[in-house]
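Quick mapping for you: the protein sequence lines, in order, are chains F, Z, X and S.
Quick note: the first sequence, position 197, residue 197 per the numbering used here, numbers continuous.
Quick note: the second sequence, position 5, residue 5 per the numbering used here, numbers continuous.
Quick note: the third sequence, position 180, residue 180 per the numbering used here, numbers continuous.
Quick note: the fourth sequence, position 23, residue 23 per the numbering used here, numbers continuous.
Incorrect hints may appear among the rest.
Since the list can't tell identical chains apart, any single copy or any two copies may satisfy a pair.
[Stated by the list, open to error] Here are the simulated DSS-like cross-link-like pairs (lysine-lysine), alpha carbons at most 25 Å apart as the crow flies:
{"no.": "1", "residue 1": "LYS92", "residue 2": "LYS228"}
{"no.": "2", "residue 1": "LYS134", "residue 2": "LYS75"}
{"no.": "3", "residue 1": "LYS145", "residue 2": "LYS134"}
{"no.": "4", "residue 1": "LYS134", "residue 2": "LYS11"}
{"no.": "5", "residue 1": "LYS275", "residue 2": "LYS218"}
{"no.": "6", "residue 1": "LYS134", "residue 2": "LYS146"}
{"no.": "7", "residue 1": "LYS11", "residue 2": "LYS38"}
{"no.": "8", "residue 1": "LYS275", "residue 2": "LYS262"}
{"no.": "9", "residue 1": "LYS11", "residue 2": "LYS27"}
{"no.": "10", "residue 1": "LYS228", "residue 2": "LYS93"}
{"no.": "11", "residue 1": "LYS35", "residue 2": "LYS75"}
{"no.": "12", "residue 1": "LYS262", "residue 2": "LYS228"}
{"no.": "13", "residue 1": "LYS146", "residue 2": "LYS92"}
The hints are simulated quantities; they were obtained by calculation from the structure and are not laboratory data.
Protein chains: 4
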Amino acid sequence: MGRPMGMNLLKAGHTLTVWNRTPERAKELVAAGAKQAKTPREAAEASEVLLTMVSDPPALESVLWGPDGALGGLKAGSTYIDSSTVSPALVKKIAQACQERGVKFLDAPVTGGDWGAREGNLVFMIGGEAETLKEMEPVLGVMGKKWFHLGPNGAGQTIKLAMNAILALQVGAMAEALALVQRAGLQGAQLLEVMQASMARSGVLDVKSPLMLKGEYKPSFPLRLMHKDLGLALELANQLGVALPATAAAREVYNYVKGEAKEDLDYSAVMRFWKK
Amino acid sequence: MGRPMGMNLLKAGHTLTVWNRTPERAKELVAAGAKQAKTPREAAEASEVLLTMVSDPPALESVLWGPDGALGGLKAGSTYIDSSTVSPALVKKIAQACQERGVKFLDAPVTGGDWGAREGNLVFMIGGEAETLKEMEPVLGVMGKKWFHLGPNGAGQTIKLAMNAILALQVGAMAEALALVQRAGLQGAQLLEVMQASMARSGVLDVKSPLMLKGEYKPSFPLRLMHKDLGLALELANQLGVALPATAAAREVYNYVKGEAKEDLDYSAVMRFWKK
Amino acid sequence: MGRPMGMNLLKAGHTLTVWNRTPERAKELVAAGAKQAKTPREAAEASEVLLTMVSDPPALESVLWGPDGALGGLKAGSTYIDSSTVSPALVKKIAQACQERGVKFLDAPVTGGDWGAREGNLVFMIGGEAETLKEMEPVLGVMGKKWFHLGPNGAGQTIKLAMNAILALQVGAMAEALALVQRAGLQGAQLLEVMQASMARSGVLDVKSPLMLKGEYKPSFPLRLMHKDLGLALELANQLGVALPATAAAREVYNYVKGEAKEDLDYSAVMRFWKK
Amino acid sequence: MGRPMGMNLLKAGHTLTVWNRTPERAKELVAAGAKQAKTPREAAEASEVLLTMVSDPPALESVLWGPDGALGGLKAGSTYIDSSTVSPALVKKIAQACQERGVKFLDAPVTGGDWGAREGNLVFMIGGEAETLKEMEPVLGVMGKKWFHLGPNGAGQTIKLAMNAILALQVGAMAEALALVQRAGLQGAQLLEVMQASMARSGVLDVKSPLMLKGEYKPSFPLRLMHKDLGLALELANQLGVALPATAAAREVYNYVKGEAKEDLDYSAVMRFWKK
Chain F
1 MGRPMGMNLL KAGHTLTVWN RTPERAKELV AAGAKQAKTP REAAEASEVL LTMVSDPPAL
61 ESVLWGPDGA LGGLKAGSTY IDSSTVSPAL VKKIAQACQE RGVKFLDAPV TGGDWGAREG
121 NLVFMIGGEA ETLKEMEPVL GVMGKKWFHL GPNGAGQTIK LAMNAILALQ VGAMAEALAL
181 VQRAGLQGAQ LLEVMQASMA RSGVLDVKSP LMLKGEYKPS FPLRLMHKDL GLALELANQL
241 GVALPATAAA REVYNYVKGE AKEDLDYSAV MRFWKK
Chain Z
1 MGRPMGMNLL KAGHTLTVWN RTPERAKELV AAGAKQAKTP REAAEASEVL LTMVSDPPAL
61 ESVLWGPDGA LGGLKAGSTY IDSSTVSPAL VKKIAQACQE RGVKFLDAPV TGGDWGAREG
121 NLVFMIGGEA ETLKEMEPVL GVMGKKWFHL GPNGAGQTIK LAMNAILALQ VGAMAEALAL
181 VQRAGLQGAQ LLEVMQASMA RSGVLDVKSP LMLKGEYKPS FPLRLMHKDL GLALELANQL
241 GVALPATAAA REVYNYVKGE AKEDLDYSAV MRFWKK
Chain X
1 MGRPMGMNLL KAGHTLTVWN RTPERAKELV AAGAKQAKTP REAAEASEVL LTMVSDPPAL
61 ESVLWGPDGA LGGLKAGSTY IDSSTVSPAL VKKIAQACQE RGVKFLDAPV TGGDWGAREG
121 NLVFMIGGEA ETLKEMEPVL GVMGKKWFHL GPNGAGQTIK LAMNAILALQ VGAMAEALAL
181 VQRAGLQGAQ LLEVMQASMA RSGVLDVKSP LMLKGEYKPS FPLRLMHKDL GLALELANQL
241 GVALPATAAA REVYNYVKGE AKEDLDYSAV MRFWKK
Chain S
1 MGRPMGMNLL KAGHTLTVWN RTPERAKELV AAGAKQAKTP REAAEASEVL LTMVSDPPAL
61 ESVLWGPDGA LGGLKAGSTY IDSSTVSPAL VKKIAQACQE RGVKFLDAPV TGGDWGAREG
121 NLVFMIGGEA ETLKEMEPVL GVMGKKWFHL GPNGAGQTIK LAMNAILALQ VGAMAEALAL
181 VQRAGLQGAQ LLEVMQASMA RSGVLDVKSP LMLKGEYKPS FPLRLMHKDL GLALELANQL
241 GVALPATAAA REVYNYVKGE AKEDLDYSAV MRFWKK
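Assemble the whole structure, with the sequences as input and the hints as a guide.
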């Protein structure tokens with residue numbers, strides 16, 4: 001998702017320095033005018049605003065604190081925005097490191113997927129200082145249409161994890177219901193049709209269920225990332241002493257499918273728990 | 001729900017004979033022109049079309065096979081429509097008993113709640129013969145705007161149970177996410193606001209989540225009935241050998257709240273698992 | 001299990017009249033001196049003490065209330081002992097029917113399996129009047145060595161269901177732990193060896209785990225019956241408003257394996273959830 | 001547990017240098033002849049064999065890699081034994097760091113509790129080189145009677161986590177069964193008595209269930225540590241793609257109780273989910 005976000009920044013006239021663990025992945029951005037940094041640190045040193053977008057907490061820790069990490073390159077007075085989905089605990093650790101360096105920091109995970117990133121239609125969930133958000137609105141506005149200021153650093157991640165837990169359970173519930181109906185000898189399509197006429201209607205019903213019926217699991221949001229996010233949500237809940245029985249049950253179903261899968265699948269492939 | 005359905009039948013000019021275990025509950029319908037039967041059997045004997053609406057399988061078995069039960073009063077050539085939510089197994093037993101008597105039978109559970117019943121806006125999920133449904137459309141059309149023919153007897157109940165399992169999980173997921181966010185010190189309302197801008201939007205988000213935030217649990221669909229329906233869905237799934245891990249986890253949360261509750265609550269009161 | 005129990009009764013000099021849904025199954029007992037009844041009613045009419053042992057609640061309801069059911073044949077002053085594992089709710093219904101007929105009734109489910117039944121080594125869990133139990137001790141003593149008076153009718157079943165839930169979870173826990181250890185590339189046998197030296201030692205570790213390691217699932221106690229008992233335990237718990245999250249999770253794992261299995265398996269085959 | 005282990009080392013004539021985050025906790029050992037190090041590094045520098053025993057992964061990371069961490073003090077040719085319960089992933093990271101320094105390393109978590117530590121009766125679950133274990137047997141033999149060589153580094157932790165998951169589920173199963181039986185109006189003690197006569201007998205039944213009946217939860221093995229170990233087991237299982245539905249359900253029950261508890265409790269206090 002970093003690429004389409006970067007393209008929108010370039011189109012809007014921003015100067016962009018990029019770094020990717022796999023340098024070829026930066027090609028398209030470089031062709032469009034971005035400079036390519038050799039290390040995360042170099043990218044940070046070159047920028048007034050540093051933006052990171054990686055797949056999980058270890059990847060982010062490596063980018064920030066690894067050899068030639070970005071944190072060492074951040075200048076006092078600059079701003080750092082992380083749009084990865086990671087744990088609120090890691091976000092708080094980053095926030096403290098930034099504060100010690102005089103760097104302003106926002107956690108700003110997104111929703112909207114590949115499509116939203118390309119169209120500049122992302123929704124940002126923001127944790128951090130309201131003033132910093134105010135300053136960054138012109139930058140965020142190039143990549144998204146909406147942002148929500150949700151509280152201090154960590155709040156963005158907390159809301160994002162809660163929302164992804166809901167999505168995982170909505171898709172999981174749809175999968176359980178389809179499995180039941182089909183094993184009873186009925187048509188899954190009919191369940192979907194009735195649902196559209198009821199309070200059970202939902203974005204998941206519109207977007208995911210037709211693909212689940214066809215068994216088309218080309219990754220839009222990969223199952224391995226949804227599985228990771230469920231793990232982060234449960235980790236947070238278990239630190240706080242909040243029991244999440246259904247989320248925990250659903251996570252093990254996603255885990256089962258992840259363990260059996262040989263290819264990269266969308267998270268709606270949770271259906272494979274019942275149909276192989 | 002039988003009362004508003006009956007009122008709509010009377011308004012449409014149908015002759016109506018009613019029976020209720022608690023006779024006073026039939027008052028309003030009698031005042032509006034219905035005859036009152038002394039037994040379920042008497043109601044069945046008086047009718048071309050028998051319609052039943054009770055709260056669970058034992059209640060339906062009692063109405064049909066108990067002392068002066070309705071089944072003994074059904075005439076050959078008449079039609080029986082059951083709109084209760086019960087098990088597909090019971091529906092199949094009823095279907096066989098009807099066939100032996102030359103009675104046409106539809107399982108026709110509904111969605112739409114009290115409001116839908118009053119407004120003649122119910123949605124019927126139908127199992128049974130297409131021809132019988134065709135004949136009954138003028139009757140159903142008085143009480144609802146939509147009906148779906150889903151398969152042979154039992155199909156209506158199967159789809160209804162699958163849909164209620166989804167609703168219970170959607171509400172349960174919302175409750176888990178709100179509990180997480182609030183325990184983390186954030187505002188539940190902000191989670192709802194972000195969800196509206198995302199694929200996590202849903203009927204449950206629109207209708208139930210604002211009440212969950214306020215802790216207002218006046219029963220629209222009572223928790224004890226949702227808990228019963230989850231039990232029926234799991235019973236069916238366990239007969240078919242379809243594992244439903246998240247539904248099973250959610251059922252125990254509803255069970256916990258049911259066990260602690262002293263008053264009748266809406267199923268969105270599942271939130272009380274976390275907040276007492 | 002009825003056969004070895006009957007053999008012990010015959011060996012002890014009791015007169016025995018038997019009935020089995022599948023008449024050939026009574027052959028061995030008839031060859032050993034039992035009379036064969038044509039119906040459950042006939043068996044009840046011929047006996048001072050009626051003993052039933054069937055596989056589930058519907059089978060018991062059919063034997064008692066079906067055509068030529070046993071209940072109609074029970075004489076006032078006689079005693080009825082049921083050793084099936086069924087719901088406390090059904091037991092209470094039977095208790096009332098017996099009382100109306102002047103019949104003394106004990107619910108007396110057993111533990112000890114095939115081996116215990118053959119060796120006259122069953123353990124009886126008794127619900128009912130202490131006096132009735134006192135009178136029946138000579139009969140029970142032919143089939144078992146131990147009995148526990150646990151409370152009024154239903155208490156025997158309640159304790160039996162609680163105990164089977166524990167066994168199912170112990171075996172399920174063993175299966176989860178073996179699956180984890182083996183997927184991590186280690187030897188399951190080593191887990192078992194360490195457990196024997198710790199507080200995790202158990203009857204299940206001694207008896208079931210070696211077979212789970214070998215994947216030998218010849219039914220000692222069939223998975224379909226353990227799955228049924230888990231259903232009965234959860235049904236009871238959900239009537240009482242007692243949440244059983246781990247039991248509910250385990251039931252779905254047994255359900256999954258039951259749904260996939262083509263042959264009759266021991267309940268330790270719950271391991272097949274991970275290893276096919 | 002470090003204190004009684006240290007006392008046994010001193011009694012056996014070993015020279016001991018100790019470090020504890022809370023220096024007063026080392027008093028008793030110092031009075032008995034141990035030298036007190038000012039930092040973990042100092043303790044490592046002073047020793048041929050370094051032994052660590054802390055409560056969780058972050059504590060161990062801090063002791064090894066924090067300011068004046070032990071890792072920097074380990075001499076080439078020395079041996080490091082960690083007896084904490086942590087993740088296999090952390091163990092593998094430690095193993096690599098040790099190898100780079102020419103240090104021999106064993107992961108050696110224990111079972112046996114406070115009592116076992118005092119009596120020199122611990123059981124060690126060992127991952128690492130067989131040769132290193134051979135060399136360390138005289139040291140281990142001072143603190144325990146048994147050790148099992150289970151595989152390469154990480155194997156000790158994996159078996160330990162699997163075993164604790166089993167214990168947590170056994171205690172959780174006992175709690176669910178007691179809750180069911182008591183809510184049904186029966187005596188929990190009777191369930192325990194019947195279990196002793198059956199295959200459901202276990203170490204947990206002997207040791208924990210009498211305390212659960214009395215509601216005495218003085219920590220022998222604290223609930224917060226069992227909850228942590230369940231988290232580590234699930235983290236490992238989710239990395240490996242092994243679904244653990246019952247373990248996941250049980251973890252949320254422990255989580256619920258941890259979230260409500262105001263004092264330090266034994267893990268058998270999981271009963272408080274039902275009885276407050």
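Consistency of the hints with the structure:
Both within a single protomer and between protomers do LYS92 and LYS228 lie at most 25 Å apart by alpha-carbon distance, with minima of 19 Å and 21 Å respectively. When the C-alpha separation of LYS134 and LYS75 is checked against a cutoff of 25 Å, the pair qualifies only within one copy, where the shortest distance is 20 Å, while the shortest distance between copies is 53 Å. Taking the shortest Cα distances, LYS145 and LYS134 sit within 25 Å of each other inside one copy (14 Å), while across copies they are farther apart (50 Å). Taking the shortest alpha-carbon separations for LYS134 and LYS11, only the intra-copy value of 22 Å comes in at or below 25 Å, while the best inter-copy value is 60 Å.
When the C-alpha separation of LYS275 and LYS218 is checked against a cutoff of 25 Å, the pair qualifies only within one copy, where the shortest distance is 16 Å, while the shortest distance between copies is 27 Å. Taking the closest pair of Cα atoms, LYS134 and LYS146 come within 25 Å of each other only inside a single copy of the chain (13 Å); across copies the shortest separation is 49 Å, beyond that limit. Taking the shortest alpha-carbon separations for LYS11 and LYS38, only the intra-copy value of 23 Å comes in at or below 25 Å, while the best inter-copy value is 58 Å. For a Cα distance limit of 25 Å, the shortest separation of LYS275 from LYS262 qualifies both inside one copy, at 15 Å, and across copies, at 17 Å.
For the homomeric pair LYS11 and LYS27, the shortest alpha-carbon distance inside one copy (16 Å) is at most 25 Å, but the shortest distance between copies (67 Å) is not. Taking the shortest Cα distances, LYS228 and LYS93 sit within 25 Å of each other both inside one copy (20 Å) and across copies (21 Å). Taking the shortest alpha-carbon separations for LYS35 and LYS75, only the intra-copy value of 19 Å comes in at or below 25 Å, while the best inter-copy value is 46 Å. Taking the closest pair of Cα atoms, LYS262 and LYS228 come within 25 Å of each other only inside a single copy of the chain (17 Å); across copies the shortest separation is 31 Å, beyond that limit.
For the homomeric pair LYS146 and LYS92, the shortest alpha-carbon distance inside one copy (24 Å) is at most 25 Å, but the shortest distance between copies (43 Å) is not.
Checked against the numbered hints given earlier, this structure breaks none of them.
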